[in-house]
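Enquirer: For reference, the chains in residue letters:
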Amino acid sequence: MRFDQPVSVQWIAEFTGARMIGDTNQLCTGINEIHKVSPGDISFVDFEKYYDKCLYSPATVIIINKEVACPEGKTLLVLDDPFSAYVKIVKHFRPFEPARQMISDSAQIGEGTQLQPGVFIGNHVQIGKNCLIHPNVTIYDHTIIGDNTIIHAGSVLGADAFYFKRRKERSIQYDKLESCGRVIIGNDVEIGACCTIDKGVSGDTIVGEGTKLDNHIHIGHGAVIGRNCLFAAQVGIGGKAIIEDEVILWGQVGVSKDLVIGKGAVVNAQSGVPSSIEGGQAYFGSPAAPAKDKMKELFWVKQIPEIWKRLNRDTK
Amino acid sequence: MRFDQPVSVQWIAEFTGARMIGDTNQLCTGINEIHKVSPGDISFVDFEKYYDKCLYSPATVIIINKEVACPEGKTLLVLDDPFSAYVKIVKHFRPFEPARQMISDSAQIGEGTQLQPGVFIGNHVQIGKNCLIHPNVTIYDHTIIGDNTIIHAGSVLGADAFYFKRRKERSIQYDKLESCGRVIIGNDVEIGACCTIDKGVSGDTIVGEGTKLDNHIHIGHGAVIGRNCLFAAQVGIGGKAIIEDEVILWGQVGVSKDLVIGKGAVVNAQSGVPSSIEGGQAYFGSPAAPAKDKMKELFWVKQIPEIWKRLNRDTK
Amino acid sequence: MRFDQPVSVQWIAEFTGARMIGDTNQLCTGINEIHKVSPGDISFVDFEKYYDKCLYSPATVIIINKEVACPEGKTLLVLDDPFSAYVKIVKHFRPFEPARQMISDSAQIGEGTQLQPGVFIGNHVQIGKNCLIHPNVTIYDHTIIGDNTIIHAGSVLGADAFYFKRRKERSIQYDKLESCGRVIIGNDVEIGACCTIDKGVSGDTIVGEGTKLDNHIHIGHGAVIGRNCLFAAQVGIGGKAIIEDEVILWGQVGVSKDLVIGKGAVVNAQSGVPSSIEGGQAYFGSPAAPAKDKMKELFWVKQIPEIWKRLNRDTK
Numbered sequence: 004m005r006f007d008q009p010v011s012v013q014w015i016a017e018f019t020g021a022r023m024i025g026d027t028n029q030l031c032t033g034i035n036e037i038h039k040v041s042p043g044d045i046s047f048v049d050f051e052k053y054y055d056k057c058l059y060s061p062a063t064v065i066i067i068n069k070e071v072a073c074p075e076g077k078t079l080l081v082l083d084d085p086f087s088a089y090v091k092i093v094k095h096f097r098p099f100e101p102a103r104q105m106i107s108d109s110a111q112i113g114e115g116t117q118l119q120p121g122v123f124i125g126n127h128v129q130i131g132k133n134c135l136i137h138p139n140v141t142i143y144d145h146t147i148i149g150d151n152t153i154i155h156a157g158s159v160l161g162a163d164a165f166y167f168k169r170r171k172e173r174s175i176q177y178d179k180l181e182s183c184g185r186v187i188i189g190n191d192v193e194i195g196a197c198c199t200i201d202k203g204v205s206g207d208t209i210v211g212e213g214t215k216l217d218n219h220i221h222i223g224h225g226a227v228i229g230r231n232c233l234f235a236a237q238v239g240i241g242g243k244a245i246i247e248d249e250v251i252l253w254g255q256v257g258v259s260k261d262l263v264i265g266k267g268a269v270v271n272a273q274s275g276v277p278s279s280i281e282g283g284q285a286y287f288g289s290p291a292a293p294a295k296d297k298m299k300e301l302f303w304v305k306q307i308p309e310i311w312k313r314l315n316r317d318t319k
Numbered sequence: 004m005r006f007d008q009p010v011s012v013q014w015i016a017e018f019t020g021a022r023m024i025g026d027t028n029q030l031c032t033g034i035n036e037i038h039k040v041s042p043g044d045i046s047f048v049d050f051e052k053y054y055d056k057c058l059y060s061p062a063t064v065i066i067i068n069k070e071v072a073c074p075e076g077k078t079l080l081v082l083d084d085p086f087s088a089y090v091k092i093v094k095h096f097r098p099f100e101p102a103r104q105m106i107s108d109s110a111q112i113g114e115g116t117q118l119q120p121g122v123f124i125g126n127h128v129q130i131g132k133n134c135l136i137h138p139n140v141t142i143y144d145h146t147i148i149g150d151n152t153i154i155h156a157g158s159v160l161g162a163d164a165f166y167f168k169r170r171k172e173r174s175i176q177y178d179k180l181e182s183c184g185r186v187i188i189g190n191d192v193e194i195g196a197c198c199t200i201d202k203g204v205s206g207d208t209i210v211g212e213g214t215k216l217d218n219h220i221h222i223g224h225g226a227v228i229g230r231n232c233l234f235a236a237q238v239g240i241g242g243k244a245i246i247e248d249e250v251i252l253w254g255q256v257g258v259s260k261d262l263v264i265g266k267g268a269v270v271n272a273q274s275g276v277p278s279s280i281e282g283g284q285a286y287f288g289s290p291a292a293p294a295k296d297k298m299k300e301l302f303w304v305k306q307i308p309e310i311w312k313r314l315n316r317d318t319k
Numbered sequence: 004m005r006f007d008q009p010v011s012v013q014w015i016a017e018f019t020g021a022r023m024i025g026d027t028n029q030l031c032t033g034i035n036e037i038h039k040v041s042p043g044d045i046s047f048v049d050f051e052k053y054y055d056k057c058l059y060s061p062a063t064v065i066i067i068n069k070e071v072a073c074p075e076g077k078t079l080l081v082l083d084d085p086f087s088a089y090v091k092i093v094k095h096f097r098p099f100e101p102a103r104q105m106i107s108d109s110a111q112i113g114e115g116t117q118l119q120p121g122v123f124i125g126n127h128v129q130i131g132k133n134c135l136i137h138p139n140v141t142i143y144d145h146t147i148i149g150d151n152t153i154i155h156a157g158s159v160l161g162a163d164a165f166y167f168k169r170r171k172e173r174s175i176q177y178d179k180l181e182s183c184g185r186v187i188i189g190n191d192v193e194i195g196a197c198c199t200i201d202k203g204v205s206g207d208t209i210v211g212e213g214t215k216l217d218n219h220i221h222i223g224h225g226a227v228i229g230r231n232c233l234f235a236a237q238v239g240i241g242g243k244a245i246i247e248d249e250v251i252l253w254g255q256v257g258v259s260k261d262l263v264i265g266k267g268a269v270v271n272a273q274s275g276v277p278s279s280i281e282g283g284q285a286y287f288g289s290p291a292a293p294a295k296d297k298m299k300e301l302f303w304v305k306q307i308p309e310i311w312k313r314l315n316r317d318t319k
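Residue numbers (our numbering), protein chains in the order written: chain A, 4 to 319; chain B, 4 to 319; chain C, 4 to 319.
With the rest of the complex left out, here is chain A:
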């Protein structure tokens, strides 16, 4: 997330109660998770094994739970609980704004776009031209939708990322990471009924132009779906998955988080994709394998009784 205007690192230090190390005159231009940072960003780290990744990332300001050497030109904000400090900053700069009506006054709706009854449009939403939003759709704050896009009834764009930090020592164990990313939908997309597309934690969840989603599809926080993809009903995509262009996922396919499905891959119905797969071929099974290998495997499983018979005959 970008701030509306730069914020001094001194202000952030005071706001979070942190001790500053390094350059104390920085201006912070935004706040992001470690895998989404740019120069000017604040990020945070609370596990020693990720310290170096964060310290040597493009982030300019690092909230950290131990005093370590500060890389040249950066600022460390040292405090006990970086996760909570990050959440505090996000809540301050992206506070929840209660809605006053079904269509926010701050939403921009393009010419020729039809909003059917019961549609909720949150604050600061932008919708392009000639879209058709069917009844009872919910579009959370800050969502951006292109031109000629159709969204069927009951779908929900921009609900919070499902992302928690576990604190086993507490009675209520899961601490929510407030999300400040957005949902961005391209031109000529069609989204079926009762789909959910969550906002990113700090970056954006993106559906590329020309992509078509059937009903009951879930797209997790920060996932990036390419152009001209086709997902059949009840597909689920985990957080931060990258689905390249022209990928076809058939019904009830599940895709894990933090992986890449290569361009033009086709995944057969009910398959589960646990890790990255290459494009240009068909997959099947849970865990998914190239379809031709999986077909052979199904064949071989059926040979086991014959193997058993032969083994008994041959070794009598």
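Among these hints, one or two may not hold up.
Identical copies carry no separate label here, and so any pair may be met within one copy or between two of them.
BS3-like mimics (lysine-lysine), calculated; alpha carbons at most 27 Å apart, straight line [unchecked claim]:
#1 K299 x K312
#2 K69 x K94
#3 K179 x K260
#4 K297 x K94
#5 K171 x K91
#6 K171 x K266
#7 K312 x K260
#8 K297 x K260
#9 K168 x K132
#10 K168 x K266
#11 K94 x K132
#12 K295 x K305
#13 K297 x K52
#14 K179 x K69
#15 K312 x K91
#16 K260 x K295
#17 K297 x K312
#18 K52 x K69
#19 K297 x K56
#20 K297 x K266
#21 K305 x K260
#22 K168 x K305
#23 K171 x K52
#24 K171 x K69
#25 K171 x K94
#26 K91 x K299
Simulated from the structure, these hints should not be mistaken for lab results. Bear in mind the structure is a predicted one, so any value in this text is a computation, not a measurement.
Knowing the structure of chain A, use the given hints to seat chains B and C on it.
Expert: Coordinates of chains B and C only, in the frame set by chain A:
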């Protein structure tokens, strides 16, 4: 789809810019996909391998992308892009009518039927007597619902068919087939919360009387569900599947398109049905097999380590 | 379900047309399914094999379809169709109350709780403090929600139990068991978008405090979910399942009804849990097995071609 009144084939030819071959004085009474046509219908074909199927179907007027011999008593409308011509005709005769309010003035609602708040009822919808429609349900235009039917909150009836033609040469590759079919729900049906039942492409999606659906169920375009079926939560049914009477599908079952599940079949949870199966027995697995065979297979898979051990012992 | 005030067993007998055996001066304090009964309750039984279970349960009044010996201190109500009598009593004491507006006057909403537009709150609902209910959520009558709970858009709490009695001899075969249980959500729960949590048949469906649900999750009637559980998207939980504290279910997991998942169990994505499993370990597969066993099984399946090769070589 039937037209409200017959339309001359000359008008259709002019409207689509087609060249006519054969009988130029036909009256067209409707438009349908090839597998749903009746005499009087317009249909279309754009692949040579389906030419004969379409030319010798009951359709009276065939939109086709090549000049071929016209069967007796029919009319060919020759043009470059039959798919687009079909879509143009559908859009003309079944144009999208924006809603003016949550309950359309043109809807007919039977005596004793209760519509809870937040329900959207589209144009030309018919609902029978003594139904109960829970909050935030969306019922698209032209849907027909029988008597004594219950629909739980958040469900969506009549969203568009998920049906596209791919044009790999274009930047936006998927071209939408506008759907003009309807959803027809019988008497004494119960539909759970957050279900979706799509309209047919040109024919009707049907749920037979006495059938009960749990939550999050997806029924694809043109599927025909029999009487007294029972589907547990999160079941998905592909387009044009035929599910005969008294079929039981347990949770998360996936059923592929264009197949038949015979009367009284029972499919165990999470199974995937890729092709037609006979009625009167139980199935399990993905791909689904008769449950007793699948149970044996699970048994045999567990014997592999023993087979390996014996093989090594016997052949030492 | 508890009655608002005790009802004499004579009244119940007259109302249902039953013949009384045993103590005819009882006061009935509620009505419940056999597995949920307490002293003072009415329950019913219509299968001989369950007679003893019901007669010697804590229930005080038993609706039964045969004249049998009445246990000391109890009352039998003998009639032909106990199921229908039970439904008649439930409908009388918990009649459907049509809504007059989106937020019922009889609902109690705690301080600091924000209801976004399009939210439906049924009669007699109680919501605690500082909750956030996103747009187009539906909360059926009698639901109880704790403090600090977040419910995302499109979710449905309190839809009817999916519970029917089959009467094969009738034209409409499935007879609905009217449900009179409630949904009870603890403090600090988060429920994703387009989730459904059904009410219990006569008892309550419970989600324990601190539990977090992702999108498209289904929780069946009477399920009891513990504290600090984490369920990923598209998980489905069958009726009356008991999920103990700190259980983690990954995406698209299916859990059957009437079972127990022990504390701290982790079930990997797309697994299917058909019967009770112990806590404290990881599971995988459909049907689910301990993950380490399932991993071995996947390894062994891949050895079959080698086994085949060796078998042919060795026995040539």
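Enquirer: None of the hints should be skipped; say for each whether it holds.
Expert: Hint by hint, here is what the structure shows:
no., hint, result
1, K299 x K312, "both (21 Å within a copy, 15 Å between copies)"
2, K69 x K94, "within (24 Å within a copy, 63 Å between copies)"
3, K179 x K260, "within (18 Å within a copy, 30 Å between copies)"
4, K297 x K94, "neither (48 Å within a copy, 43 Å between copies)"
5, K171 x K91, "within (21 Å within a copy, 48 Å between copies)"
6, K171 x K266, "between (40 Å within a copy, 14 Å between copies)"
7, K312 x K260, "neither (44 Å within a copy, 38 Å between copies)"
8, K297 x K260, "both (23 Å within a copy, 22 Å between copies)"
9, K168 x K132, "between (40 Å within a copy, 23 Å between copies)"
10, K168 x K266, "between (33 Å within a copy, 19 Å between copies)"
11, K94 x K132, "between (32 Å within a copy, 19 Å between copies)"
12, K295 x K305, "both (16 Å within a copy, 14 Å between copies)"
13, K297 x K52, "neither (38 Å within a copy, 31 Å between copies)"
14, K179 x K69, "within (22 Å within a copy, 56 Å between copies)"
15, K312 x K91, "neither (67 Å within a copy, 60 Å between copies)"
16, K260 x K295, "both (25 Å within a copy, 22 Å between copies)"
17, K297 x K312, "both (24 Å within a copy, 19 Å between copies)"
18, K52 x K69, "within (12 Å within a copy, 67 Å between copies)"
19, K297 x K56, "neither (38 Å within a copy, 35 Å between copies)"
20, K297 x K266, "within (21 Å within a copy, 31 Å between copies)"
21, K305 x K260, "between (33 Å within a copy, 26 Å between copies)"
22, K168 x K305, "neither (45 Å within a copy, 38 Å between copies)"
23, K171 x K52, "within (20 Å within a copy, 46 Å between copies)"
24, K171 x K69, "within (21 Å within a copy, 54 Å between copies)"
25, K171 x K94, "within (24 Å within a copy, 45 Å between copies)"
26, K91 x K299, "neither (54 Å within a copy, 45 Å between copies)"
The earlier numbered hints that this structure contradicts are 4, 7, 13, 15, 19, 22 and 26.
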